[in-house]
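Residue strings, one per chain:
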Amino acid sequence: MKILVCISHVPDTTSKINFTENNTKFDSNGVQFVINPYDEFALTRAMWFKEKQGASITVVNVGNASTEPTLRKALAIGADDAIRVNTEAIDGFAVAKELAEVVKNGAYNLVLAGKESIDYNGGMVPGMVASLLDYNFVNACIGLEIEGEKATISREIDGGKEVLSCNLPLIIAGQKGLVEEKDLRIPNMRGIMMARKKPLTVVDPINNEAGTASVSFEKPEAKSSCKMIDADNVGELVNLLHTEAKVI
Amino acid sequence: MSVLVFAESSEGKFKKSSFELTSYGKKVAEQLGTNLVVLTINATENETLYKYGAEKVLQVTNNALVIFNAKIYANVVKQAAEKENAQVVIIDSNANGLYLAPLVSVNLNAGYASNVMALPSSTSPFIVKRKAFSSKAFSNCEISTDIKVIALAKNSYGVFENEVSGVMEAFSPEIETSNLTSEKIEQTTGKVTIADADIVVSGGRGLKGPENWGMVEELASILGAATACSKPVSDLGWRPHSEHVGQTGKPVASNLYIAIGISGAIQHLAGINSSKVKVVINTDAEAPFFKAADYGIVGDAFEVVPKLIEKLKEFKANNA
Ligand SMILES: Cc1cc2nc3c(=O)[nH]c(=O)nc-3n(C[C@H](O)[C@H](O)[C@H](O)COP(=O)(O)OP(=O)(O)OC[C@H]3O[C@@H](n4cnc5c(N)ncnc54)[C@H](O)[C@@H]3O)c2cc1C
Ligand SMILES: Nc1ncnc2c1ncn2[C@@H]1O[C@H](COP(=O)(O)O)[C@@H](O)[C@H]1O
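Chains A and P, in that order, are what the protein sequence lines are.
One point on numbering: in my numbering, the residue at position 112 of the first sequence is 112, and numbering is uninterrupted.
Count along the second sequence starting at 1, add 1000, and that's the number in my numbering.
Accuracy of the hints is not assured; some may be wrong.
[Stated by the list, open to error] Subject to a maximum C-alpha distance of 30 angstroms in a straight line, what follows is the list of computed DSSO-like cross-link-like pairs (lysine-lysine):
id, chain 1, residue 1, chain 2, residue 2
1, A, 246, P, 1313
2, P, 1208, A, 182
3, A, 2, A, 50
4, P, 1311, A, 246
5, A, 161, P, 1184
6, P, 1208, P, 1191
7, P, 1051, P, 1191
8, P, 1311, P, 1027
9, P, 1129, A, 219
10, A, 227, P, 1051
11, P, 1129, A, 223
12, A, 246, P, 1015
Honestly, the hints are just simulated from the structure, not real lab data.
Computed from a prediction, not measured in an experiment: that's the story for all the values here.
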């Protein structure tokens, strides 16, 4: 199996979100960047395929040179090699076109991505790559088994799950369930040493026009203060929810 | 020219979000000076869409479309968009909608904005406000392609009646094939899902163990609410993963969110920011959640929640 894992490089979940240049740019000052949490599930699932069924794992990111430490981290976790498509990731559609090119050129038959990037929350790249290549695609994937050419996939649906099957090639957008939280791999010392020697290839973009762009950002208005209710007067809460908040 | 909404139905019936989408689509069509067309697949109550402003309902009835397949559905939406010369295509943010929308966008070579939470602030250039950074911020996003695809965030616009005298048209698109087959669908019946719920009752590690969820369930059932939990609670296996809300779990956009024994970590708040009214019950007056809440009670959940259940029962009895 030739597996490609798509890694998006995002601010750590504890980051304070601020903007600069008149609220047009994300302020990365002091922000720690990490592998997108959903992509960690995908990468760990790929490691299991590699260890139990035999597979090669390439990780890919579309981004500028600042994303390389994130790719190195994925190599330290156990990917075999990495590709960086050297362009700023602005729009999901443009990123998807770059990734589709990488998939085609590398003839990967299994592409694992995350359900969404926690920065722009697009939730679009994996489906677009699949559609561009006419690959089978399953979104919100919570389980994946592969036997020979046949894949069995579970996806989360509203209020339950659906089990699907198809032949490879396949692209999935994964989340927790693909592996469990406790199974997530973190780099160890040996992995980090080995990662330094693993190949990280920088490829030129095909440069597509973006279909969307963030023209500016805003932050939610600060909350007016919380109304405190005495623990001995719970009835007052019911009353306020009914008469003031009008939610019950 | 037109605006096209895809109104999903389940066993023929529309979800509330389909009416929200239609209400929203009608306003976008007005902004663009054009008409709203709503596409339905195997729906039985198509006329109800007139009430929310559907000038035309494009009705597809086909047995090959009984089970949702994203690729096949995306192709149907594409054909409808082309037939109606749609300029904007609006799709739901439920599980199927989010699966479908990126495929529709590629099919139509259209820029796509998900998580959209308001009407376009301008139609030329076409700019929509969308949630980003897990609701810690909003992005004003310009879509520059000729055709635009939007996924409207749940509960972000509202349902508005806007009766029009619409027309119904049967539509028979070509049906693609797909070798991705649905083997089985497992639905947890009878429970309100987080995605559909107007009220969500959520428990954290402060509840000490899975055996204490009885009162959470009871509170939820009185309110007709869905149950949810913080990440450690699902990691510990106290509750199913499908209940984990937050930045790395499900987003909650309910009218009311009640957090019991949850500290209010930044990753938790990121997922529930979009809920309109937030109530916190926590023993620790310094818990960060109080800063994000509308109503707070400092107290022991094991005392407060049973009292709340009593009071709500009284309230329901008096307001029945
Ligand atoms: C990468 C990453 C992603 C994450 N994503 C998420 C996410 O999506 N969702 C999420 O929820 N978390 C997420 N977290 C975890 C988050 O940081 C917090 O650890 C978590 O939200 C804490 O859960 P909690 O509030 O249930 O538990 P705790 O922080 O342990 O809080 C328990 C609370 O209960 C209160 N309490 C104790 N006893 C009682 C009582 N008898 N009555 C009332 N209150 C009581 C305590 O005062 C305390 O405030 C993530 C973390 C990381 C690193
Ligand atoms: N710039 C990128 N480079 C590589 N993969 C990406 C990139 N952006 C998104 N992805 C992948 O697509 C998934 C969904 O991202 P998004 O559509 O941006 O929400 C992520 O979890 C990644 O697996």
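For each hint, the structure was consulted:
Between residue 246(A) and residue 1313(P) the alpha-carbon distance is near 17 angstroms, which keeps this suggested pair within the 30 angstroms criterion. Between residue 1208(P) and residue 182(A), the direct Cα distance comes to roughly 20 angstroms. Compliance with the 30 angstroms bound is thereby established for this hinted pair. With a CA separation close to 10 angstroms, the supplied pair residue 2(A) and residue 50(A) stays within the 30 angstroms bound. Taking the CA atoms of residue 1311(P) and residue 246(A), the gap is about 16 angstroms. The hint holds against a cut of 30 angstroms.
Annotation: proposed proximity of residue 161(A) to residue 1184(P) holds, straight-line Cα distance about 8 angstroms (limit 30 angstroms). The straight-line distance between the Cα atoms of residue 1208(P) and residue 1191(P) is roughly 24 angstroms, inside the 30 angstroms bound, and the hint therefore holds. About 29 angstroms separates the Cα atoms of residue 1051(P) and residue 1191(P), which keeps this hinted pair within 30 angstroms; it holds. Between the alpha carbons of residue 1311(P) and residue 1027(P) the distance comes to roughly 41 angstroms, so the proposed pair goes past 30 angstroms and is violated.
About 12 angstroms separates the Cα atoms of residue 1129(P) and residue 219(A), which keeps this hinted pair within 30 angstroms; it holds. Restraint check: the Cα-Cα separation between residue 227(A) and residue 1051(P) comes to about 38 angstroms, which exceeds 30 angstroms; the hinted pair is violated. The straight-line distance between the Cα atoms of residue 1129(P) and residue 223(A) is roughly 20 angstroms, inside the 30 angstroms bound, and the hint therefore holds. Between residue 246(A) and residue 1015(P) the alpha-carbon distance is near 23 angstroms, which keeps this suggested pair within the 30 angstroms criterion.
Of the numbered hints given earlier, the model fails hints 8, 10; all others are met.
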